[in-house]
Structure formats: C-alpha cells, structure tokens
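If you're matching them up, the sequences are chains A and B in order. For the first sequence, position 203 (counting from the first letter as 1) is numbered 203 according to the UniProt record's numbering, and the numbering increases by one without interruption. For the second sequence, position 296 (counting from the first letter as 1) is numbered 296 according to the UniProt record's numbering, and the numbering increases by one without interruption.
No lab work stands behind these hints: they were computed from the structure. Mixed in with the good hints there might be a few duds.
Said to hold, decoys possible - Listing some non-contacts, in silico: residues in chain B with all C-beta distances to chain A over 10 angstroms:
no., residue
1, S29
2, Y49
3, E79
As the list claims (entries may be wrong) - Chain B regions said to be covered by chain A (calculated; three or more residues, Cβ under 8 angstroms):
no., region
4, 33-47
5, 60-69
Note that the coordinates shown come from a computational prediction; the quantities given were computed from them, not determined experimentally. Where is the CB? At the ideal position from N, CA and C, for every residue including glycine.
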Amino acid sequence: MSCGCLDIITTSNADIISTVEFNHTGELLATGDKGGRVVIFQREPECKNEPCSQGEYNVYSTFQSHEPEFDYLKSLEIEEKINKIKWLPQQNAAHSLLSTNDKTIKLWKISERDKRPEGYNLKDEEGKLKDLSTVTSLQVPVLKPMDLMVEVSPRRIFSNGHTYHVNSISVNSDCETYMSADDLRINLWHLAITDRSFNIVDIKPANMEDLTEVITAAEFHPYHCNLFVYSSSKGSLRLCDMRASALCDKHCKLYEEPEDPSNRSFFSEIISSVSDVKFSHSGRYMLTRDYLTVKVWDLNMETKPIETYQVHDYLRSKLCSLYENDCIFDKFECAWNGSDSVIMTGAYNNFFRMFDRNTKRDVTLEASRESSKPRAVLKPRRVCVGGKRRKDDISVDSLDFTKKILHTAWHPTENIIAIAATNNLYIFQDKVNSDMH
Amino acid sequence: MLAKPGKRKFDEHEDGLEGKVVSPTDGPSKVSYTLQRQTIFNISLMKLYNHRPLTEPSLQKTVLINNMLRRIQEELKQEGSLKPVFISTSQSSDPLGDTYQEAQPAFSHLNSQPLQLTDLISTTPLESCLTPASLLEEDTYCTSQIVQQNISSSRLPPPPPPPLVQPVKDSFSSALDEIEELCPSSTSTEAASEAAVHLKDEPVAAGTLKPEGTQENRTSEPKLMDSLPGNFELTTSTGFLTDLTLDDILFSDIDTSMYDFDPCTSNTGAASKMAPDELLKTLSPYSNQPVTPNQPFKMDLTELDHIMEVLVGS
C-alpha cells in the first residue's frame, strides 16, 4: 500500500476544497470549494515516449457554480460553498454533473468545442446581420477547426426544495432521477424537472423541540434503483425501499450497533454520529465513517458491522478538548477502492488512513508538500501514544488539528486517490502500478 | 485534567453512584466527574450561543449539543430527585426578578412546605418540575406540571423572547428513554424507593393541585401561545444580549471557586443539597473566565435563569 505522489495542485488561499469527486471513468476529477467554484481536472492521455508522464491530472475547466445569496425572510446568508458534486453517467459526448450548496442543486453540462461554423449567409464573422443588399449569392457554411474550448453551461437549477442544509446528493442507477438529503428530509427529483420534487423521507417531528436526530448522509444503491440508505446523527443506518411506499419514513432495515458500555462517555452520541455512508461498488456492503472509526456493514446483517477499523483511537482521551474546539463535529468522508478491498478515510495533521480488508493491514500516510514531492514515495507515519517514541513518530499532543483531511476520492478502477487538504489537492498513485507503466 | 473525559471517569461515577448506598467514600472521582460534567455543560451552553451572526448554525451540531445538555440535565434531575432540600430557597436565586422564571415561583406559591414539592418531584422524577411554561402548552403528558406552569405564567407578565437554550427542556419521553439507558438501575430504584417513602408521607399533595389548575389553565392559554418557544428555525436571531452589564450585575458578587464547593458536597454525600448561591458558584467560573475577543461571551438574563432552573431544578 505504498503510494507515490502524482500531483499536487494548489488553489488560492480563499478556496478551501469542500468536495472531491471522480467521474465514472476516472478520466475527470471535479473539486468544489468554499468560494462556490468547481474545478474540473482531466487526466492527460498516456504518452508513449515518456511513460512517467502518464496519468497526470491537469485543469480542464473552472467555473463559478454558486454565488452567495441572502435569505431575506430569515435574514440569513446562504453560503456559496459547494457541499457535494456528483457526476452523471455519460450519455453522449458531453459530461454532466450536479453540484449543490446548502440549498440549491444545479445541473451543469460540460462540453468540448474544437470547430466553429464559418460563412453564414446573413451574419458576418462577428455575428452582426449583414446588409441584405450586399447578399448576392448563397453559400454553404463550413465548420473550421479552432482551439479546443471547454464550455460549461447550466442546464437545470433545482431550487426551493430544501429548508435545511443539503448534505448529500446521489444519482440513481436509473440515470433519470436523483435524491438530495438535508438535515431532516430527503427529496427525489427527476433530472429534467426542476419545479417539482417528491419528498421520500421526512423525519421532522411535529414539534421541533422533540428533535433529537438528523440525517447526515444518504446514497442510492449502485444497482437497485429502488433502494437507498441514509445515516443519522445517532449512528444508525436506514435502508429504504421505494417500492414499499411513496414516503419511506419507515425503513425496511435498520443497521445499528449496540453501544459498548466500556466506552461510554458524555461524547458517545456525538462520536457515533455518522459523517458519511458509501455503498461498495458491488452493492453488497456499506461503508460508514464516524468520528473515531470506519465500519463496513453487510447489507444482510443489521445487528453489527462486519468490520470496524480505528482511524485515530488515540483521540478518545481528548474528546473534551475536541468538543470544546468544535473538531468533534468535523465530517470526515470515506471511500472504497475499485475492487472494494481497501478503504480510505481522512484524519488530522494532514494524515489519511488506508485499511486493507483482506490482510487487515493499515497504514497512515501524510499529504504534505514537504513529504510528497512529485514522484516521491510516501512514507508511512505513526502516531505514538505515551512514552515510547520511535524516530519519525509524532506524538498525539503535537498533531495539528487545523490540518484535516475531510474529503477523499478513489479512482473508480485504478489505484489513484485524490486527497483534499484544505486548499491543496493531492493526487497519489499506487507505486506498483506506476512502476509497471 | 478536563481534557480527559474518557470512559474511566464515567465508570468511576457509576461505581460512585452505586457505592453511595453502601458508603460515601467515593469523594475524588465524584468530584472530578461533577466538575467535568459542569465543564461540558458550560461549554455546551456557550456553543449554542456563539455562532457567526447571519449564518444558519448547523442543525446537526445544534441537535447534538442539545442532546448533550438534555442528558446532563436529566442526570442532574435524577440526582436532585434523591435529595429534597433545595426548593425553599429557589426564588432568592433570581435577584433581578426576571419574568422568565416561571416554574419556581409557581412552586413557592402553591406549596408552602418544601416537602410537598419534593413529593411532586419524586413522583415524577424524570419529567420533573422546572420546564418553562412556554414549552408545555401542547404537552399533555403531565397535567399537574402544566397546571403549575400555567398558574405561574398567568400571574407574571408575559415572558421575554425565549432563549436559545429552550430546546433543551422538552421531550420528556425521549429523555426518559435516555435516562433509562444512561443510568445504572440501582440509582433509579433508589430514587423510586425514596420517592415512594415521600409519597406515603404526604399522598395528597399532588392530587389537590389539579382542580385548581384546570381552572387557571384556560385563562392563561392566550399568553402561552404568545410565548411560543423558538424552535430550531428561529434560534439564529434570538438570545443575543445587547447589554452585557447584566452579566456584570449578576456575577459581580460571586465567588468563583467551584473547587471549594464540590468536595464538601460530595464528602457529605449530598451533591444537591446546595444553596442557590453555591449553585451560582458552579456557574461562575465559566462566566468569569477571560473571553476570547472573537468569541464574546453573551448570556442573556433569561438564559442565566434557565441555567438556574436546571441546577436548582435538580
């Protein structure tokens, strides 16, 4: 599980990356940032002369997806920060993606143009109408090659669907619908219809004073278009079947692990809150991240996860401080590799963790400018607890909690990962693979 | 020390609670647990009040913090329901005579003897007494409570805009479930048995209140509707104090050391036998701490009262 650094891409200071997402082929990688921008990277085609230069990602297109808004009814600012990006399966030459901030989801079309028509009868080259008296003959317009241009255009704007903050969007396997989840509701949309959505989950109590639980993430099953899962702030997962009823308030399966009495503390509930849920590519398993662990659930077993991995258990004794400085509310994401055999998730101090499900080995790696020069191989890092400290170990007390890796993505088929560390995007590639090329 | 809230201390606490029946020798761990709980409680309150203006706070975070407060509150209530003495002093804790504090005046009006009150509390230990009236207008769960709250609010001027912290005090049923999960069974049985003892002493107390209250209920209804509590959607704009001098008034004459206070109460094994000024001490370290400039500490008088309710209510 050693990784070589492929690329470091730095954006400007104001733009803290807030989401990272590969498209279905892995050819494109999109990031969203706090400033409402979406940046799309494209993988360079393989170059036969220089095998080393294969696979670098370069900026393909940048566009402003969301602008800051103001809710005059509530006197509240609506941030432009991109919460999630999801690619639609490619249907034609163009690519499409959904991007969302707290309230509004937008469908964008990204298309290439390398030719332009020339020789119109009624328009001149600047597009102005010609004086009709000068038109004496008919000509056929021709397409002339030009420099490649990437055009991004907004196709749909799905607004007014959410009262609370949108935390997840997920495109259905039927490729026609998608869902969007906020703190209390999940809506089902048709990709072509913007003025109507169906509420499929609503956990808002009649009296908001009774509210003790919120939806934290939601995702469609990769194959079964009727199934979706959503996670809650109490650490449970609910699998819903849309065939059962129009409103899926009653889950068909509830995945929940009984609390370990030996680990009970004031913070038990907060650290059990699920920050991310992802179906495996096979559709058989679900991966969840809570504050201290990642868990793999079998869809067929509701009572407990089949695997639990400690991400940074050494923080268990520091929960009070982490509560005080709000870190305990950080929403770490998690990711599967292409074959569902390795899982990855972020941590503090620019560390991220990988767990091999077969060998049960795990590794801590660091995404930093110093340690990951292009082509350098990442060294595993180790956080030591207590007295014994080996060389290169870092002690728990010197971890930097402002450097957190919340957003990670794994290439759908290859061992390429994208790591967002505040305003830097790191792209790493598995060493074995890159050696083979 | 505060940074280590881990399981160990909680376990110690449980041991302490159970051990208390046998012998009150569990001083130090009980102290640190109480101290830690108080710290977390204060931090939680701060978190609810301090968020960037004009931005909607994360609902998830608010809910989690609320659940934390609820949990601590229920713990305090449970401990409080074991010990009867505090109530007679309740009103003195309110030097400015703020109108928001409805529940406690109600008790002092309705009950001349503190003992009667404890009967009420003991018979309904978990859904106990100090919920603001504004929260209860739809709550048919416990009629005797509504009665008391309504009476008090009809006697008093309309309450000020509800503070953020109100969501803490509600949903008794869920809190009840939580308590059952959280507390060792020995504690609750202890509470129940003690409650039963009091019930035998004065079985009439709770019953006599009801008819009186139902009459009052109707008259006070409109006022209650006016004082509907801020729900999560409204929380952003309320609860900020423009005038900080209230804090100064409230805390100017308060000793800050809760370290003095905690050991003595725990050594006597009566954590809730507190005079109100002692209770204030438990709050004061937080409010007297130097405040970071970018996070000014703003606490409304009503919110302070609420804390008082929580603590006195225990």
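Comparing the hints with the structure gives:
For B/S29, the shortest C-beta to C-beta distance to chain A comes to about 14 angstroms, beyond the 10 angstroms cut-off, and the non-interface label holds. Distance check on B/Y49: its Cβ is at least 14 angstroms (rounded) from any Cβ of chain A, clearing the 10 angstroms threshold; non-interface status holds. A cut-off of 10 angstroms between C-beta atoms confirms that B/E79 is not in contact with chain A; the least separation is 15 angstroms. Residue count for the region 33-47 of chain B with a Cβ under 8 angstroms from a Cβ of chain A: 6. That meets the three needed, and the coverage hint holds.
Only when three residues or more bring their CB closer than 8 angstroms to a CB of chain A does the claim for the region 60-69 of chain B stand; here the count is 7, and the claim holds.
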